[in-house]
Structure formats: C-alpha cells, structure tokens
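Asker: Just so you know, the sequences run in chain order A and B. Per this note's numbering, residue 386 is the first one in the first sequence, and the count goes up by one each step. Per this note's numbering, residue 2 is the first one in the second sequence, and the count goes up by one each step.
Any given hint could be a false lead.
[Said to hold, decoys possible] Some residues of chain A that are not near chain B, with every Cβ distance over 12 Å (derived):
{"id": "1", "residue": "Ala439"}
{"id": "2", "residue": "Ala493"}
{"id": "3", "residue": "Asp513"}
{"id": "4", "residue": "Asn519"}
{"id": "5", "residue": "Glu530"}
{"id": "6", "residue": "Val534"}
{"id": "7", "residue": "Ala543"}
{"id": "8", "residue": "Asp593"}
{"id": "9", "residue": "His619"}
{"id": "10", "residue": "Glu655"}
{"id": "11", "residue": "Gln666"}
{"id": "12", "residue": "Pro698"}
[As the list claims (entries may be wrong)] Distance ranges between label pairs, derived from CB positions:
{"id": "13", "chain 1": "B", "residue 1": "Glu188", "chain 2": "A", "residue 2": "Pro709", "range": "31 to 41 Å"}
{"id": "14", "chain 1": "A", "residue 1": "Ile696", "chain 2": "B", "residue 2": "Val136", "range": "31 to 41 Å"}
{"id": "15", "chain 1": "A", "residue 1": "Ala605", "chain 2": "B", "residue 2": "Leu30", "range": "40 to 50 Å"}
{"id": "16", "chain 1": "B", "residue 1": "Ala203", "chain 2": "A", "residue 2": "Ile428", "range": "30 to 40 Å"}
{"id": "17", "chain 1": "B", "residue 1": "Gly127", "chain 2": "A", "residue 2": "Val725", "range": "38 to 48 Å"}
{"id": "18", "chain 1": "A", "residue 1": "Arg498", "chain 2": "B", "residue 2": "Val136", "range": "48 to 58 Å"}
{"id": "19", "chain 1": "B", "residue 1": "Leu294", "chain 2": "A", "residue 2": "Gln435", "range": "30 to 40 Å"}
{"id": "20", "chain 1": "A", "residue 1": "Ser482", "chain 2": "B", "residue 2": "Val26", "range": "56 to 66 Å"}
{"id": "21", "chain 1": "B", "residue 1": "Val26", "chain 2": "A", "residue 2": "Arg560", "range": "40 to 50 Å"}
[Said to hold, decoys possible] Derived EDC-like pairs (lysine to aspartate or glutamate); straight-line CA-CA distance at most 20 Å:
{"id": "22", "chain 1": "A", "residue 1": "Lys533", "chain 2": "B", "residue 2": "Glu260"}
{"id": "23", "chain 1": "A", "residue 1": "Lys533", "chain 2": "B", "residue 2": "Asp29"}
{"id": "24", "chain 1": "A", "residue 1": "Lys586", "chain 2": "A", "residue 2": "Glu538"}
{"id": "25", "chain 1": "A", "residue 1": "Lys497", "chain 2": "B", "residue 2": "Asp61"}
{"id": "26", "chain 1": "A", "residue 1": "Lys497", "chain 2": "B", "residue 2": "Glu259"}
{"id": "27", "chain 1": "A", "residue 1": "Lys523", "chain 2": "B", "residue 2": "Asp193"}
{"id": "28", "chain 1": "A", "residue 1": "Lys689", "chain 2": "A", "residue 2": "Glu721"}
{"id": "29", "chain 1": "A", "residue 1": "Lys586", "chain 2": "B", "residue 2": "Glu63"}
Treat the hints as calculated values from the structure; they're not laboratory data. Using N, Cα and C, we set each Cβ at its ideal position, and we do this for glycine too.
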Amino acid sequence: MSDQTTVTEAAEAVPGQAPEAVTNRATGEVLVQVRNLKMHFPITEGVLIQRAVAHVKAVDGVSFDIRKGETLGLVGESGCGKTTTGRCILRLERPTSGEIYFDGVNVANLGKRELVALRQKIQVIFQDPYSSLNPRMKIGAIIGEPMKVHKIEPDPKARNERVRELLNLCGLDTRFADRYPHEMSGGQRQRVGIARALAMKAEFIICDEPVSALDVSIQAQVINLLEDLREEFHLTYLFIAHDLSVVRHLCHRVAVMYLGKIVELADCDELYDNPLHPYTQLLLSAVPIPDPTVEAKREHQIVKGEVPSPINPPSGCVFHPRCPRAVDGCSKNVPEFREVKPGHWVACTEV
Amino acid sequence: MAVASEVQADVKLDELFPAKPWHAVAIDLIRRYPLGAAGAVIVVVMILMAIFADVLSPYDPEENAFEFMLTPPGLQFWMGTDQFGRDILTRLVYGARTALFVGFSCAFIGAFTGLVLGVASAYFGGRFDLIFQRVMDVFMAFPLIIMALAVVSIFGTGTQNVIIAITIPFIPRCARVVRSSALAIREIPYVDAARACGFSDARIILRHMVPNVMAPFLIMISAFVGQAILLEASLSYLGLGVQEPTPAWGLMLQGGAEEYAESAPWVAIWPGIAISLAVFGFNLFGDALRDALDPKLRAQ
Chain A
386 MSDQTTVTEA AEAVPGQAPE AVTNRATGEV LVQVRNLKMH FPITEGVLIQ RAVAHVKAVD
446 GVSFDIRKGE TLGLVGESGC GKTTTGRCIL RLERPTSGEI YFDGVNVANL GKRELVALRQ
506 KIQVIFQDPY SSLNPRMKIG AIIGEPMKVH KIEPDPKARN ERVRELLNLC GLDTRFADRY
566 PHEMSGGQRQ RVGIARALAM KAEFIICDEP VSALDVSIQA QVINLLEDLR EEFHLTYLFI
626 AHDLSVVRHL CHRVAVMYLG KIVELADCDE LYDNPLHPYT QLLLSAVPIP DPTVEAKREH
686 QIVKGEVPSP INPPSGCVFH PRCPRAVDGC SKNVPEFREV KPGHWVACTE V
Chain B
2 MAVASEVQAD VKLDELFPAK PWHAVAIDLI RRYPLGAAGA VIVVVMILMA IFADVLSPYD
62 PEENAFEFML TPPGLQFWMG TDQFGRDILT RLVYGARTAL FVGFSCAFIG AFTGLVLGVA
122 SAYFGGRFDL IFQRVMDVFM AFPLIIMALA VVSIFGTGTQ NVIIAITIPF IPRCARVVRS
182 SALAIREIPY VDAARACGFS DARIILRHMV PNVMAPFLIM ISAFVGQAIL LEASLSYLGL
242 GVQEPTPAWG LMLQGGAEEY AESAPWVAIW PGIAISLAVF GFNLFGDALR DALDPKLRAQ
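Model the full assembly from the supplied sequences, consistent with the hints where possible.
Answerer: Here it is, written out as structure tokens:
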C-alpha cells in the first residue's frame with residue numbers, strides 16, 4: 386500500500402517516543418494508527434482580540450495501534466484525556482498535532498467533505514444514554530436518519546424494515562420505533578445508541594464509557610450485546626472506560642492513560658497479571674475484590690496527592706510527584722515508551 | 002427476558018395513569034394559570050373578531066357617512082362614530098384584523114429569523130459567533146421605536162413597511178435569547194452524535210438543535226405579538242404606520258385624541274382600551290406559557 390510508506394516516514398519524524406516500533410506487531414492487520422496525537426485546548430483572554438494565555442494539554446503525545454477485529458481498552462481516571470482521544474479519532478475535535486490513520490488515510494487533516502465518507506466507517510456510543518438521543522425525535526427516526534442522509538437505504542419502507550431489524554438485533558422490541566427517548570429506560574436507550582452506530586454499517590466503533598451510566602445488571606447485558614455484535618459484524622472497538630473489570634472482560638489489549646499520556650500498553654491478561662508501571666499497579670490495586678473477607682485483609686496502596694493540572698503538567702515523567710518509586714531522574718527525563726517484553730509497552734525508566 | 006418484562010411494565014403503567022380527556026386538561030390549566038387563561042380568552046376573542054369582521058359588523062369600516070358625524074355611543078352605533086361618521090365598533094373589529102396581521106407577521110418572521118440565526122451563531126461559535134453577536138449588539142442599542150422610525154423613514158409608510166420596520170429590531174432580540182439556550186444544547190452529546198453521523202450543518206441546526214430551543218422561542222413569540230401590536234399602534238399614531246382609511250387602532254386614537262378629546266372622547270377611548278387589552282392579553286398569555294413550559298416551576 387502506498388500509504389504505508391508515508392505512515393512510517395511520519396512516524397520516524399516524531400521525536401521522543403518510538404512509535405514506529407509500536408506498529409511492529411506480529412499478527413493482524415492494523416486498522417487505526419494514532420501517532421503522537423496532541424490535543425491542546427487554548428485558554429483565551431480578551432474580548433475582541435483573543436489570545437491564548439495557556440493550554441490545557443488534554444492529550445499530549447499519544448501513540449497506539451488498533452488491529453482489525455480487536456478491542457483496545459483505554460483506561461485511566463477522570464480527566465486523563467481518554468475521551469478527548471476518542472473525540473479526536475472521531476474528528477469531533479481537530480487535533481493540535483499528530484496523525485490518525487484509519488485504513489491508511491490520515492484522518493487528522495481531512496476537510497469537511499472527505500470527513501463525510503469517514504463518518505460512515507467510524508461511529509460512537511456515548512456515555513450518557515439520557516443525553517445522546519435527541520429528545521424530540523422518535524427512536525425510528527433517530528436510527529433511520531443516518532441511513533436516509535447517506536442514502537444507505539433511500540426507500541422509506543425498506544428503511545423502516547431495517548430500523549426494526551436493527552432494534553431486534555440490539556435486543557429491543559420493534560414497537561420501540563414509535564417511541565420517544567424519554568419513554569425508555571437507560572439500558573434501552575443505550576441499545577438505541579448501539580443500533581444507531583450499526584445503522585451506518587460502521588467498521589470501527591468508539592465506545593466512550595458505554596456502561597458507566599447504567600446499573601450493574603444492565604451493564605452486563607450491554608457488554609454481552611457489544612460482544613455479540615463484535616463477533617457477528619467483525620467490529621473493531623476502542624473501549625474507553627474506567628471500570629477495570631469490565632475492560633478485562635471485553636478487551637484484547639489495554640492502554641493505561643495518565644494526564645494525557647499513555648503509560649502502559651499490553652495484552653489484557655498480561656497487564657492485569659503483571660502490571661509494570663507504578664501507576665497501573667496502583668490503579669489495579671484500587672479495584673475492589675468482591676469478597677469482604679479478602680477485601681478486609683488486603684493491603685491497600687494509596688496514591689498520594691491529587692492529579693496535577695493538565696495546564697501545567699509536571700516536568701519529566703508526569704507521574705513522578707505521586708509515584709512511590711520515583712528517583713531523582715524522574716523529574717528531569719521524559720521516560721521513553723518502550724517495549725520491555727514482546728507486546729508489553731511501558732513509559733517508565735525504573736522498570 | 003428482561004426486555005420483554007420492561008415492555009409489559011410500561012403497558013401496565015399506561016393503564017394505571019390513563020391520558021386525561023382534553024376538557025379535564027383545560028380545567029386543570031385554568032385552575033393553575035387563571036391569569037393566563039384570561040389572557041388566552043382575550044387573544045381568542047380578538048382572533049375571532051379579526052376572522053369574522055365582515056359578519057360581525059353591519060357597517061363599512063372605510064366609507065364616510067357625514068350625516069352620522071361624531072354620534073355619541075347609542076343603540077344604533079354602540080361605540081359612537083368618528084369625525085367621518087364611521088362606526089367605531091366596526092373600525093375596531095376591522096382594526097383587530099390589521100393589528101393581528103401586523104402582530105403575527107412581525108412576531109413570526111422576526112422570531113423565526115432570530116431563531117435560525119441564534120442557533121447558527123451558537124453552533125458555529127468562535128469568530129463567527131463573536132462578530133455576529135457584535136452586529137446584533139448594534140441593532141439592540143437602538144430602542145425599538147427609534148429603530149422602527151428609522152426604517153419607516155427609509156422605506157416609507159404602509160402596512161408592509163410597518164411590518165419590516167417592526168420585524169428588524171425583533172431579530173436580534175430573539176437571536177440573543179435563543180443563542181444562550183442553543184449554547185447549552187450544543188454541548189449535549191446528541192449534537193455530537195449528529196456530527197459523528199456526518200450530517201450537514203444545516204440539518205444539525207434545523208433538525209437537532211432548533212426543535213430543542215422551542216420553549217424560550219414560544220415565549221419570545223407570544224411576547225413579540227403584543228409588542229408588535231403596540232409598536233404598530235405607536236407608529237400609526239405618529240403617522241408613520243398604517244395610513245387612512247385602513248382601520249388601525251393607533252390611527253383611530255390619533256384622529257380622536259388630537260381634536261375631539263373634550264367634545265367626543267369616545268373616539269379616542271375605545272381604540273385606547275382595545276390596544277391596552279390586546280397587549281395585556283398577549284402578555285398574560287406569554288407569562289403563563291413561560292411558567293407552564295418551565296419544568297422547575299411546574300414541579301412546585
């Protein structure tokens with residue numbers, strides 16, 4: 386592929402991290418490549434002539450790959466930039482710098498018209514099912530609209546049929562097509578959100594905390610639905626979450642984010658059984674064990690301090706002020722994101 | 002299955018709380034918003050007057066009848082006649098037609114233009130929003146009546162120009178209010194979802210954002226109708242609006258007040274009452290609408 390060469394060239398031009406090695410995976414065709422992605426939001430001052438006084442570095446140099454048919458988990462605490470990363474790939478935000486290749490095409494610089502074609506391939510499921518559906522539209526119209534606009538199913542009758550099919554596929558009664566979102570429960574609405582993503586025949590779906598707003602029993606149903614659909618339509622997911630047990634159940638690989646950077650990336654089991662980065666270790670130790678006797682006896686590691694401001698992140702390794710294993714060099718040297726074991730990447734000098 | 006049981010639960014709920022018949026809803030509304038109901042009655046009476054003006058009045062509103070000049074209110078002419086012998090009640094009824102025509106056209110054209118511009122301004126944001134809002138500020142800096150006077154002096158008098166004159170200052174007022182609601186809606190994920198689906202800007206603005214700013218918009222429209230009626234009366238009174246012999250309340254007031262305030266006060270009193278009542282009615286109705294559409298107030 387001709388695009389492949391440009392990808393490598395672009396990757397080599399990026400200083401700091403070593404993303405060209407990230408692509409060096411043994412198996413699987415790569416669908417999405419993110420290279421040194423940065424999203425800095427300006428904080429402006431002034432009424433008529435606005436100038437940027439500072440930047441919120443929501444995403445600050447993130448690189449990863451997603452293979453076809455794979456589910457990549459993106460975890461981290463609130464405000465670490467995982468949702469912004471997803472929004473950049475969707476091109477709901479125009480990234481400050483970096484490249485996002487989808488099927489070999491750099492998405493980051495696409496114009497409005499070229500984006501329309503991309504929109505059909507990348508879809509999103511939002512966190513809050515209560516606000517992700519237009520309250521003034523019936524469910525049938527919400528699911529049918531993309532098919533109408535993109536002429537996937539221009540005939541109204543066939544479109545109605547397809548809407549009902551999608552509802553069934555997502556475990557909803559076809560009668561829901563004539564209802565409004567406020568007449569449905571959170572779990573049902575989230576199923577509608579999934580049906581809308583499928584209506585476009587998307588290949589890649591960004592799941593932005595799709596179950597965090599649902600109660601636990603419904604969470605399992607929606608997760609199972611996502612799994613079934615993945616098998617049936619060979620979908621690729623970027624699964625953004627903060628619930629680590631959900632991620633372990635669903636994902637093939639997991640990337641851990643902290644303050645706009647990826648600190649560790651590994652296969653799911655490897656990451657959970659053998660976490661290398663101190664932040665990942667602390668994060669995993671915070672997961673409660675569903676057994677009160679074990680939970681009571683267990684030693685808890687508590688992270689000191691608060692998450693620093695992304696406006697003025699710490700020098701060197703961004704985690705060093707809170708890191709239990711920090712040494713002098715951590716405040717000066719930006720740790721290289723390196724492969725310590727095959728497929729296991731860590732950004733820490735002390736590992 | 003869980004889904005099936007949820008559907009069943011919904012059916013039972015519908016049976017437990019059957020939809021109320023329309024008259025029960027109406028009585029409920031009257032009890033909760035008595036002033037609003039009074040406003041609605043005034044508005045409805047006015048609309049009926051305007052529609053059935055030909056049927057209601059036995060006289061011609063425009064033809065002079067000098068033999069009946071300045072007849073006081075009585076059995077033949079319930080509200081008396083003016084200086085040209087025309088029946089005041091007839092002219093009042095036909096005047097409702099003018100007032101409502103001007104009121105509704107101005108309110109609807111002004112509010113809808115403001116609606117689309119306001120939502121577009123919020124949707125596009127950034128520099129476009131900044132510049133557009135400063136332009137709106139310039140329009141807002143003029144008091145309504147001064148702005149209308151300026152437009153009339155440029156385009157000339159007549160019903161059509163009065164409508165233009167009143168509509169233009171309405172646009173920024175509506176755009177400003179709608180923009181603030183649209184700014185909040187812009188951040189709600191269903192707008193992001195629409196963008197992620199690759200919909201055009203026009204579709205997102207018209208189909209996904211505009212229907213969701215309807216509550217402030219309806220309140221604006223109802224307030225605008227009253228304001229437009231008052232403005233039209235003011236312009237006509239100043240001789241810059243509707244011209245003789247078209248029946249218009251402001252015009253009737255002017256003709257009566259200047260020369261006959263002492264000798265034939267009825268010429269000015271009736272159109273004055275009509276203007277106040279109409280504006281009062283629309284304002285009461287608009288206030289009640291605002292309360293009814295505000296879920297926080299409704300909960301109390």
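Asker: If a hint holds in the structure, say so; if it does not, say that too.
Answerer: These are the hints, each one checked on the structure:
The claim that alanine 439(A) is not at the interface with chain B holds, since no C-beta of that chain comes within 12 Å of its own (minimum 18 Å). Distance check for alanine 493(A) against chain B: the nearest CB is about 16 Å away, which clears 12 Å, and the non-interface claim stands. Distance to chain B contradicts aspartate 513(A) as a non-interface residue, since its nearest Cβ pair spans about 6 Å, not more than 12 Å. With a least beta-carbon separation of about 5 Å from chain B, asparagine 519(A) fails to lie farther than 12 Å from that chain, contradicting its non-interface assignment.
Listed as outside the interface, glutamate 530(A) is inconsistent with that label: its C-beta sits roughly 7 Å from the nearest C-beta of chain B, within the 12 Å cut-off. Its beta-carbon lying about 6 Å from the closest one in chain B, valine 534(A) breaks the requirement of being farther than 12 Å from that chain. Every CB of chain B lies more than 12 Å from the CB of alanine 543(A), the least distance being 19 Å, so the non-interface label holds. Residue placement check: aspartate 593(A) does not keep its beta carbon more than 12 Å from all beta carbons of chain B (closest about 9 Å).
Against chain B, the non-interface label of histidine 619(A) holds: every CB pair exceeds 12 Å, the least being about 21 Å. Every CB of chain B lies more than 12 Å from the CB of glutamate 655(A), the least distance being 32 Å, so the non-interface label holds. For glutamine 666(A), the requirement that its beta carbon stay farther than 12 Å from each beta carbon of chain B is met, with the minimum near 33 Å. Chain B leaves proline 698(A) outside its interface by the beta-carbon criterion, the shortest separation being 25 Å against a cut-off of 12 Å.
The hinted range of 31 to 41 Å is satisfied by glutamate 188(B) and proline 709(A), whose Cβ atoms lie roughly 38 Å apart. Between isoleucine 696(A) and valine 136(B) the CB atoms are about 33 Å apart, so this pair conforms to the stated range of 31 to 41 Å. In this structure the supplied range 40 to 50 Å holds for alanine 605(A) paired with leucine 30(B), their Cβ-Cβ distance being about 45 Å. Separated by about 31 Å at the C-beta atoms, alanine 203(B) and isoleucine 428(A) satisfy the suggested range of 30 to 40 Å.
The hinted window of 38 to 48 Å between glycine 127(B) and valine 725(A) holds, with their beta carbons roughly 44 Å apart. Distance hint check: the CB atoms of arginine 498(A) and valine 136(B) are about 29 Å apart, inconsistent with the given range 48 to 58 Å. Between leucine 294(B) and glutamine 435(A) the beta carbon distance is about 35 Å. The supplied range of 30 to 40 Å therefore holds. Checked against the hint of 56 to 66 Å, the C-beta distance between serine 482(A) and valine 26(B) comes to roughly 58 Å, which is consistent with it.
Range check, valine 26(B) to arginine 560(A): Cβ separation about 26 Å, and the 40 to 50 Å hint is violated. Distance restraint check for lysine 533(A) and glutamate 260(B): the Cα-Cα separation of roughly 66 Å exceeds the 20 Å cut-off, and the hinted pair is therefore not satisfied. Under the criterion of a C-alpha separation no larger than 20 Å, the hint pairing lysine 533(A) with aspartate 29(B) is inconsistent with the structure, at around 42 Å. About 11 Å separates the Cα atoms of lysine 586(A) and glutamate 538(A), which keeps this hinted pair within 20 Å; it holds.
Using a Cα cut-off of 20 Å, the hinted pair lysine 497(A) and aspartate 61(B) is violated, with the two alpha carbons roughly 61 Å apart. Among the hinted pairs, lysine 497(A) with glutamate 259(B) is inconsistent with the structure: their alpha-carbon atoms are about 63 Å apart, more than 20 Å. Restraint check for lysine 523(A) and aspartate 193(B): the C-alpha separation of about 18 Å stays at or below 20 Å, so the hint holds. Under the criterion of a C-alpha separation no larger than 20 Å, the hint pairing lysine 689(A) with glutamate 721(A) is inconsistent with the structure, at around 24 Å.
Annotation: proposed proximity of lysine 586(A) to glutamate 63(B) is violated, straight-line Cα distance about 67 Å (limit 20 Å).
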